[in-house]
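Chemist: With chain A's structure known, arrange chain B on it following the hints.
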Amino acid sequence: MNILTLLIFIPILFALIIWVMPSAWRGSFKYLTLAATLIQLGIGVWLYLHFKTGAGFAGINQEGQYQFVQKLPWINLNLGGISRMQIDYFVGIDGISIAMVVMTSLVMVIAALSSWEIKSNLKGFFILFLILDMAVIGVFCALDFFLFYLFYELMLLPLYFLIGMWGGVRREYAAIKFFLYTLFGSVFMLLVMIGLYLSVRDPATGSHTFNMVYMMNPANYIPGSVFATVSHCQIFGMSARVLGFIILFIAFAIKVPVVPLHTWLPDAHVEAPTPVSIILAGVLLKIGGYGIIRICMGIFPDIAISGAFWLGLLGVISIIYGALNALAQRDLKRMIAYSSVSHMGFVLLGIASQTPEGISGAMMQMVSHGFLSAMLFFLVGVIYNRVHNRDIYNFRGLSELMPRYTVFVMIAFFASLGLPGFSAFIAELFSLAGAFKSYSFNGLLPQWLSAFGVLGILLSAAYLLWTLQRMFFGKELLKGGETWKLALIDIDLRETIALLPLALLTLILGVMPSLVFDKINDSVLALVDITKHFITL
Amino acid sequence: MRGLLTYLPGRMDDTLNSLHYFMPEIYLGVLFLLVLITGLVYKRNAGGMCRVIAIAGMVFVLAQDVIQSYVPVATTVPLFSRMLMLHHTAVLFKLIIDVITILLLFYFAWDRQLKAHRKGLADLYAITIASVFGLHLMVMAVNLLSIYLSIEFVSLASYLMVAYKSEQGLSAGAGLRYVLFGAASSAVMLYGISLLYGFSGSMDLFDPAFIGGLSHVNTLSVSFALVLVFAGLGFKLSFIPMHFWVPDVYQGAATPVTAYLSTLPKIAAFALLINFITPFVFISRWNGFDFRLFLSVTGLITMIAGNFAAVMQQNVKRMLAYSSIGHTGFALMAIVSFSAEGISALIFYLAVYAIANIGALILASYFANITGAENMDGYRGLGFKLPAASICFVIILISLTGLPVTAGFIGKVLVFQSVYNVYQQQHHVLMLLLLATGALTTVVALFYYIKIPLYLFLRKSDNNRDYAVSSQILMTLAIIIAVFLVFIGLFPDYLVKYL
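Protein sequence lines, in the order shown, are assigned to chains A and B. For the first sequence, the residue numbers in the working numbering are 1 to 537. For the second sequence, the residue numbers in the working numbering are 538 to 1036.
Chain A with its partners taken away, still in its complex shape (with noise of 0.2 Å):
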């Protein structure tokens, strides 16, 4: 049995047993769910552990490289003619996916964590909750580009009924934008990706192949295709591949996301229940900035290169517009949701460098996002299930009552801020050096769009530092006065356990970031390379 595929359906079995489970055991399905993402997570450290690194191990293109890899046929469809419709079951991998696997594993853990606080309806929750988990790591590991597109579809589902059924009081609207915004960006992906399935041949067997690894191949093209590299087809007077690009890179564009397309955000993050939140804070906005990579940068490094310019000032321009936002907020979640728009934007500045180091710190600040963010929104969830506000204005002085809930919130702001020392810091250093060096190692981006997006950090730094001043020092003074006082009690344990290991790893990320890097190098090297050629300089 493929460790990979027990890692991606594992939630389905346990989802299974709870479906079968009556309801008058209700009180043991967080139990269940909490036991699956510990197994999950278990399977990922082993991953990691496991995971061989050099330069014969670099995946990308490559398909020998790819590790762990199980390749099954799958889908043989004969329709007349001469033409098989051929998918394969393909997951693998490279070091590239190994660092979004083994975060999303613990972020999940943090948010069957925070499931706690369901009250309603739990047997549809946590089977929802376990769709959403199988769907998202199997993205992570898809290699097949059907493959990957049906356990990204498979997860708006869930993410629909859970943000509709269990959130805040505009949850229908975030709901159905949330679906009908990513579905828009997903349903054009799937003309892409039959483009591309068309374009390409299997070198193996000679049918088309929607294998990823052999669409990163210029050589596996037949010539006179739509998406083929040197046919130059036009379509609409553009190029059909400079097209293909656009398409993709709006459809995950969406899902970072990227400025102007975020406008779905900080409705769906601030009207989703805590556990929801964490997950689409900490685990979906970074299948976006993979999807870049993997598919967007892997299948059309040529259009990547040309595009670059536009790619850093997208990202550039959603650090600055994230962060102008955030600092106007007053309610602590959107504000949170706002920061999150703009620490993404690092990772699209990073990408669209092109160098080690900021493919690298793209990387290094998706792993370190997904932990951060997952710690805030567990953060505001803490004050909200007490008193059920979230106005900045409405507290003050936080910090006398709640004093081990201040320690968290401290490390947590600190951290998002960039402070050295964790893991954020290495993340945007990196990134903003990478864009930096690209004006002299591949004469991609000007040095001025880095010089902006180190702005980025300073208005951080401005939206996190009032909030703690505003809301956890000096006297005491809330809006509910005594009732609230009374309700807002310290952390517990189950809170303690949930955010100890997230602020450890922080500083340990922050202090010792081989612990990701060494895993993602040689992969980000082979990018580089793949990109390299077609630099003019």
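Derived from the structure by calculation, the hints contain no laboratory data. A portion of the hints provided could be inaccurate.
Straight-line alpha carbon distances no greater than 30 Å define the calculated DSS-like cross-link-like pairs of lysine-lysine that follow [to be verified]: (1) Lys123(A) - Lys997(B); (2) Lys30(A) - Lys997(B); (3) Lys30(A) - Lys922(B); (4) Lys997(B) - Lys177(A); (5) Lys1034(B) - Lys71(A); (6) Lys71(A) - Lys52(A); (7) Lys119(A) - Lys922(B); (8) Lys177(A) - Lys922(B).
Modeler: Frame of chain A, contents of chain B only:
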């Protein structure tokens, strides 16, 4: 008269030989008589007896179809002096039609409103069998006369089925509207057929003289005649602008009759369309009326109009009616590819759509039986009271939208692929427009399909009534359909290998 004598022996031999290939239809004819007589003989429990006989008979017909499916793929057998033609694609369509008919025959008796009809359902079964006979003829028709005859056959049967539940004013009005519109479009089609006969001198579509004769005529005149014929076909297919009857009839007829109308005549009409355009497109080089352009534009407009109109609907059956117009538009995309691959994609898409649509209507029946809810507003909060049925409804609606992991998604992928293939060969911008519109209307479709789960699960009901659960058999059927759709979505091989 004496001149005809020389033809007679040949025609007699031809007819007698054709009977051998006509077995399913002969079985259907005998079955119709059997059901009709049973309905007359048995006064009490006529409905139950007729149903048993009808279903058993359909199983025999299905067996005959399976025997016919062993005909080699490339052979075509002309029957009855080239009035009908038996080929592999036609047999596939007949198989699908028969399987869905059996499903519907089970369903008719489980709808409470239909069952409450004071005359009983015996006649309905007889009419259904007769209409299936007509559908079989439609699928095989290759002569202008047999095309018209079979379409009228099916139309007459559907008029009766629509008006069957005739007590309520809504159904009688819908029936009348259907009859008038249908009669008008038949008349228009007959005019077009007569023009084609006048231009070419032949009724036989596959006669070289037919195409030859039409090629020599002024393009505008031939186009006019062809558009008139398509008006008749369009009535059955319900593409724009022949769709106006669909919402009222689907809403007003009894739900099982809606299930029949939205699936079977549509499937047979698509088969007829393929038969009709084959001589023009596949066999000879025809450069008069541009079929690809006509079908693409019709498909585009139908997709857009059907899907956007469904957004505003509040009644469940009316919403499903407009969405079926949208599905017709999408299926037209598959024909536009004019390839064997496109036909296979079309058959898969139609089969999956039919099963999912019947599932959706079965659940609409189920909810109407238990709670009397016809509008989406009446579905408020039912997800918690009737969880199994609601979850099945969600799965079936996801399949109709075309999202993974359901069979509807595979259908969409296959259709997109066949259009893409055409684009790669010819770089016609219309193909790209079709693809983009198909993608865009999928998003629009999600918006209105998700309204039902929205009311079922996301909204709470104001009252706290408990409902007496009945019609469990409908729920079982819906569960089977939902499981089937997900299974085929994950392993489509099991369905495609029969196509």
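Chemist: Please go over all the hints and tell whether each is borne out by the structure.
Modeler: Verification of the supplied hints:
Between Lys123(A) and Lys997(B) the CA atoms are separated by roughly 18 Å; this keeps the pair inside 30 Å, and the hint holds. Restraint check: the Cα-Cα separation between Lys30(A) and Lys997(B) comes to about 25 Å, which is no more than 30 Å; the hinted pair holds. The suggested pairing of Lys30(A) with Lys922(B) holds, with an alpha-carbon distance near 23 Å, which does not exceed 30 Å. A distance of roughly 20 Å separates the Cα atoms of Lys997(B) and Lys177(A); the hinted pair therefore holds under the 30 Å criterion.
Restraint check for Lys1034(B) and Lys71(A): the C-alpha separation of about 22 Å stays at or below 30 Å, so the hint holds. Taking the CA atoms of Lys71(A) and Lys52(A), the gap is about 20 Å. The hint holds against a cut of 30 Å. Only pairs whose Cα atoms come within 30 Å are accepted, and Lys119(A) paired with Lys922(B) is accepted, the gap being roughly 18 Å. For the suggested pair Lys177(A) and Lys922(B), the alpha carbons sit about 27 Å apart, so the restraint of at most 30 Å is met.
When each numbered hint is compared with the structure, no violation occurs for any of them.
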